[in-house]
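Residue numbers (full-length UniProt numbering): 1 to 97.
None of these hints come from the bench; they were simulated from the model.
These numbers come from a predicted model, not from an experiment.
Positions of the beta carbon are idealized from the N, C-alpha and C atoms, including for glycine.
A portion of the hints provided could be inaccurate.
What the hints assert, rightly or not - No farther apart than 30 angstroms at their CA atoms in a straight line, the calculated lysine-lysine pairs in the DSSO-like style are these: (1) K74 x K8; (2) K74 x K13; (3) K70 x K13; (4) K70 x K54; (5) K70 x K58; (6) K13 x K58; (7) K74 x K58.
As the list claims (entries may be wrong) - Restraint ranges, calculated between C-beta atoms of paired labels, are given here: (8) D81 x M1: 44 to 54 angstroms; (9) Q86 x Y53: 17 to 27 angstroms; (10) F4 x L79: 40 to 50 angstroms; (11) Q86 x V27: 15 to 25 angstroms; (12) F11 x M87: 42 to 52 angstroms; (13) Q40 x K70: 40 to 50 angstroms; (14) E75 x A14: 36 to 46 angstroms; (15) E47 x F19: 39 to 49 angstroms; (16) I7 x E75: 26 to 36 angstroms; (17) I52 x V27: 17 to 27 angstroms; (18) E88 x Q59: 14 to 24 angstroms; (19) Q86 x L48: 41 to 51 angstroms; (20) A14 x Y39: 43 to 53 angstroms; (21) E3 x M87: 49 to 59 angstroms.
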Amino acid sequence: MDEFNEIKSTFDKASRWQFSFCGRLLVAAPILRHLPFFYQSFVEFSELPLPIYKYLNKQIENRIEMRNLKNEKKEPRDLLDCYLDQMESDEADEEFK
1 MDEFNEIKST FDKASRWQFS FCGRLLVAAP ILRHLPFFYQ SFVEFSELPL
51 PIYKYLNKQI ENRIEMRNLK NEKKEPRDLL DCYLDQMESD EADEEFK
């Protein structure tokens with residue numbers, strides 16, 4: 001639940017930033033990010049996606065781990081299983097080259 005709240009607050013911060021005066025100026029004129037006041041705002045905005053990426057990577061790693069624990073080569077259950085099967089077959093093909 002803490003991860004959900006962190007991601008929710010990240011989206012809230014991002015939406016507030018995008019509709020702020022500073023955010024609108026930076027979107028309209030990205031060159032302003034080199035000025036001191038705008039630089040700090042730009043750095044804060046550019047770091048906003050990090051918790052989301054971390055959460056998504058953790059979910060993907062958990063899914064791969066669960067899949068490896070089951071170690072079943074059945075029909076794929078969903079799109080992610082198809083993608084992981086394709087990744088594994090591509091890695092196996094590259095090993096033989």
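Checked hints:
1. K74 x K8: 36 angstroms, violated
2. K74 x K13: Violated: K74 and K13 sit about 42 angstroms apart, past 30 angstroms.
3. K70 x K13: Violated - the C-alpha atoms of K13 and K70 are around 39 angstroms apart, more than 30 angstroms.
4. K70 x K54: The given pair, whose Cα atoms are some 24 angstroms apart, holds under the 30 angstroms limit.
5. K70 x K58: Given that 30 angstroms is the threshold and the Cα spacing comes to 18 angstroms, the pair holds.
6. K13 x K58: Measuring from Cα to Cα gives roughly 22 angstroms; hence the hint holds.
7. K74 x K58: Holds, at about 24 angstroms.
8. D81 x M1: 44 to 54 angstroms: 27 angstroms, violated
9. Q86 x Y53: 17 to 27 angstroms: 22 angstroms Cβ-Cβ, so the 17 to 27 angstroms window holds.
10. F4 x L79: 40 to 50 angstroms: 23 angstroms, violated
11. Q86 x V27: 15 to 25 angstroms: 37 angstroms, violated
12. F11 x M87: 42 to 52 angstroms: The hinted range 42 to 52 angstroms is violated for F11 and M87, with Cβ atoms some 29 angstroms apart.
13. Q40 x K70: 40 to 50 angstroms: 47 angstroms, holds
14. E75 x A14: 36 to 46 angstroms: Holds - the Cβ-Cβ distance for E75 and A14, about 39 angstroms, lies within 36 to 46 angstroms.
15. E47 x F19: 39 to 49 angstroms: 19 angstroms, violated
16. I7 x E75: 26 to 36 angstroms: 32 angstroms, holds
17. I52 x V27: 17 to 27 angstroms: 19 angstroms, holds
18. E88 x Q59: 14 to 24 angstroms: For E88 and Q59 the Cβ distance comes to about 19 angstroms; the hint holds.
19. Q86 x L48: 41 to 51 angstroms: With a Cβ separation near 31 angstroms, Q86 and L48 fall outside 41 to 51 angstroms, so the hint is violated.
20. A14 x Y39: 43 to 53 angstroms: Given range 43 to 53 angstroms: violated, Cβ gap about 18 angstroms.
21. E3 x M87: 49 to 59 angstroms: 25 angstroms, violated
Of the numbered hints listed earlier, those contradicted by the structure are 1, 2, 3, 8, 10, 11, 12, 15, 19, 20 and 21.
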